[in-house]
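What follows is each chain in one-letter form.
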Amino acid sequence: MDMELITNILFAMVRTATPLLLVALGELICEKSGVLNLGQEGMMLMGAVLGFIVTTLTGNVYVGVLVGVFGGMMMALLFGFSVQILNTNQVATGLALTIFGTGLSAFLGYSFVGQSIDGFHSINIPVLSSIPIIGKMLFTHDLLVYLSFALFGGIYWFVYKSRAGLKLKAVGENPHAAKALGLPVIQIRFMAIAFGGAMAGLAGVYLSLAYTPLWVENMTAGKGWIGLALVVFATWRPERILIGAWLFGLASILHLVIQGLGFEISPSLLAMLPYLVTIVVLVMLSRDPIKQKLFTPASLGKPFRAGD
Amino acid sequence: MNFKIEKRAEASELMRWLSPFIAIGATLVITTLFFLALNKSPLEVFYNFFIAPVQDLYGVSELAVKVAPLMLIAAGLLICYKANIWNIGAEGQFIFGGLIGGWAGLQFLDVNSPWVLVPVMLAGVVAGAAWAGIAAFLKTVFNTNEILTTIMLNYVALNLLNFAVHGPLRDPAGFNFPESAMFNSSAAMPIIWQDTRMHLGIIIAVIACIGVWFILSRMHLGFRIRVRGADEHAARFAGFNAKAITWFCLLISGALAGLAGVIEVTGPIGQLTPSISPGYGYAAIIVAFLGRLHPIGIIFSATLMGLLYLGGELVQMFLGLPMALTSLFQGLLLLFILAGDLLITHRFVPKWKKPKADEVPNALAEGAK
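Here the protein sequences come in this chain order: A and B. Under this note's numbering, the first residue of the first sequence carries the number 1, and numbering increases by one thereafter. Under this note's numbering, the first residue of the second sequence carries the number 309, and numbering increases by one thereafter.
These are computed hints drawn from the structure, not numbers from a lab. Possibly wrong hints are sitting among the right ones.
Stated by the list, open to error - Under the rule of at most 25 Å between Cα atoms (straight-line distance), these lysine-lysine pairs were calculated in the PhoX-like manner:
1. B:K315 <-> A:K293
2. A:K161 <-> A:K291
3. A:K302 <-> B:K312
4. A:K169 <-> A:K291
5. B:K551 <-> A:K291
6. A:K179 <-> B:K315
7. A:K179 <-> A:K169
8. A:K179 <-> A:K293
9. A:K161 <-> A:K179
10. A:K136 <-> A:K293
11. A:K302 <-> A:K291
12. B:K348 <-> A:K302
13. A:K302 <-> B:K551
14. A:K302 <-> A:K167
15. A:K136 <-> A:K302
16. A:K179 <-> B:K312
17. A:K293 <-> A:K161
18. A:K136 <-> A:K291
19. A:K179 <-> A:K167
20. A:K293 <-> A:K169
21. A:K293 <-> A:K167
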């Protein structure tokens with residue numbers, strides 16, 4: 001394999017991994033607060049369609065990004081309201097959000113299918129982009145990819161180093177104890193849910209404005225579910241989410257690489273990899289009660305009501 | 309907000325019955341607003357969605373074709389949810405059942421015996437059960453969360469199907485389309501209404517619902533399932549074998565979803581294609597909830613959900629609206645059903661109103677706990 005091919009593969013890997021990274025980082029924060037939101041797919045699609053529509057109408061990608069992120073957040077707040085105020089089941093509500101978002105986004109974007117826009121362009125960072133191999137891999141992307149790097153850094157700091165991150169983890173580990181300590185559990189969870197929605201919206205926006213600047217019904221094609229798998233795969237750690245997103249991104253372009261090398265393997269079989277790997281990681285985690293306690297937010301998926 | 313949410317002293321029986329209807333009403337109100345905002349006549353859309361599809365007898369028969377898989381899958385999911393086992397994998401079990409059943413069907417392309425039906429259906433049932441069995445195995449042996457494994461397995465099944473129709477099971481005479489050969493009609497469920505596509509599946513689905521009702525309310529096994537669902541600790545103290553219940557629930561629900569898959573593939577679709585399920589496995593979750601997790605309830609809710617699918621196709625044809633409107637209705641409906649459950653255990657009271665006398669001792673009793 002020659003140098004240029006490797007460089008191009010790594011470049012494509014980072015690009016493909018960006019929506020996975022964004023949505024998984026958002027879900028990480030959400031799950032750290034103890035809330036399991038299965039609505040990733042729906043929130044991403046709403047972000048993607050709103051970002052695309054607004055960009056088409058205003059001609060301004062930045063306004064599109066803002067509205068898309070806002071749309072993802074609104075969807076997440078709908079979920080948060082149901083789960084926390086109306087006390088609905090998290091799994092079923094998240095699923096409802098995915099189904100609803102799929103339908104609503106297709107409905108809203110119906111007349112925008114096939115239109116083209118001027119999406120994000122790549123910006124080569126001077127000096128850094130000329131480093132062999134990693135120069136192209138990391139420093140020749142569009143603005144949203146750089147933003148995802150920055151968000152990764154911010155979330156890494158937030159989870160490991162900040163006081164607020166500790167509070168978030170306290171709520172996720174034991175909401176009752178956190179409440180006894182005087183933490184506003186419902187509010188903190190609302191913020192975590194909203195942040196997760198905003199990140200999913202951004203992931204969707206990236207798909208419709210940068211990755212393939214167009215809108216197609218159901219264009220996320222299961223990326224939200226991979227994001228969800230990624231959080232488990234990464235055992236709820238941000239740095240492993242980055243590595244995992246790159247691995248999963250590589251897996252989804254691997255069939256191109258293998259074809260390039262002259263081998264034949266079905267892309268469908270390769271597309272199964274992320275899901276199978278996630279099941280294996282889940283099993284390894286759950287068979288060991290100590291590991292499970294160490295890594296999984298203890299109250300994940302369990303309801304907490306204001307009155308309790 | 310001038311209202312506050314207050315816990316009822318006792319769960320309201322009235323609301324238990326009313327809440328699905330409230331959810332349907334709320335969904336209609338919200339979608340009306342949507343259509344108005346988009347300058348579509350809500351009446352026209354609703355007419356095409358809910359009335360036009362079943363205006364003639366052929367429409368009714370087509371409705372039965374859509375309802376059969378939904379009802380079959382939901383009957384199985386019901387058992388899981390009663391036991392508090394979150395099987396989200398009906399979609400994958402449906403697909404895998406359809407794939408393996410379809411593979412079996414392809415082995416009998418030239419055989420014209422009514423007995424072909426037996427191995428074909430059996431293959432689908434066993435495959436569906438096996439797919440759910442993976443989750444049961446991981447749950448009982450490694451204590452792995454079934455929500456996540458069943459979701460992941462949905463995508464694995466979908467990709468397996470894609471692989472099969474693009475590769476090993478592709479029709480050699482099919483001009484490279486990702487489709488298998490057409491099945492022999494003897495591999496399909498017999499048609500029970502001449503000149504339509506209505507097949508025996510709908511009868512089997514109703515029987516499955518009655519069977520599930522019998523298990524849940526007339527057998528000790530059903531009692532154990534319900535106790536496990538209500539309180540896992542209580543079930544353990546009573547000495548019920550939680551692992552056996554997990555296996556039973558997942559296998560039954562996988563078997564029914566697999567059966568629905570193979571019936572759909574060999575019957576109405578007639579061949580394996582990359583899109584054998586229009587999301588039936590997910591829609592059946594809504595059916596189960598809308599039917600209030602009751603076997604008789606899901607007969608009605610499956611009918612409504614089938615109508616949504618049928619209406620979605622019609623609206624796409626006549627009004628040029630996306631088929632995804634079906635998902636819009638489904639998602640809203642599920643959100644409102646879940647939210648509506650609050651009305652059973654809670655009520656809205658104006659903030660200025662004092663609590664009723666009979667609730668004070670109750671509150672005290674709770675405090676004393």
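Hint check:
For the proposed pair K315 of chain B and K293 of chain A, the alpha carbon gap of about 33 Å is over 25 Å, so the pair is violated. Under the criterion of a C-alpha separation no larger than 25 Å, the hint pairing K161 of chain A with K291 of chain A is consistent with the structure, at around 22 Å. Annotation: proposed proximity of K302 of chain A to K312 of chain B holds, straight-line Cα distance about 23 Å (limit 25 Å). About 17 Å separates the Cα atoms of K169 of chain A and K291 of chain A, which keeps this hinted pair within 25 Å; it holds.
Only pairs whose Cα atoms come within 25 Å are accepted, and K551 of chain B paired with K291 of chain A is accepted, the gap being roughly 22 Å. Pair hint K179 of chain A plus K315 of chain B holds up; C-alpha atoms about 21 Å apart against a cutoff of 25 Å. Distance restraint check for K179 of chain A and K169 of chain A: the Cα-Cα separation of roughly 13 Å lies within the 25 Å cut-off, and the hinted pair is therefore satisfied. Straight-line distance between C-alpha atoms of K179 of chain A and K293 of chain A comes to about 21 Å, which keeps the hinted pair within the 25 Å bound.
Taking the CA atoms of K161 of chain A and K179 of chain A, the gap is near 22 Å; set against the 25 Å cutoff, the hint holds. Among the hinted pairs, K136 of chain A with K293 of chain A is inconsistent with the structure: their alpha-carbon atoms are about 40 Å apart, more than 25 Å. Restraint check for K302 of chain A and K291 of chain A: satisfied, since their Cα atoms lie roughly 19 Å apart, inside the 25 Å limit. Restraint check for K348 of chain B and K302 of chain A: the C-alpha separation of about 41 Å exceeds 25 Å, so the hint is violated.
Note on K302 of chain A and K551 of chain B: the hinted pairing holds, with a Cα-Cα distance of about 22 Å set against a maximum of 25 Å. For a cut-off of 25 Å, the pair hint linking K302 of chain A to K167 of chain A stands: about 18 Å separates their Cα positions. For the hint pairing K136 of chain A with K302 of chain A, the CA-to-CA distance comes to about 44 Å; that exceeds 25 Å, so the pair is violated. Under the criterion of a C-alpha separation no larger than 25 Å, the hint pairing K179 of chain A with K312 of chain B is consistent with the structure, at around 21 Å.
This hinted pair checks out: K293 of chain A and K161 of chain A have alpha carbons roughly 21 Å apart, not beyond 25 Å. Only pairs whose Cα atoms come within 25 Å are accepted, and K136 of chain A paired with K291 of chain A is rejected, the gap being roughly 38 Å. With a C-alpha separation of about 11 Å, the suggested pairing of K179 of chain A with K167 of chain A holds against the 25 Å cut-off. Restraint check for K293 of chain A and K169 of chain A: the C-alpha separation of about 13 Å stays at or below 25 Å, so the hint holds.
This hinted pair checks out: K293 of chain A and K167 of chain A have alpha carbons roughly 18 Å apart, not beyond 25 Å.
Of the numbered hints given earlier, the model fails hints 1, 10, 12, 15 and 18; all others are met.
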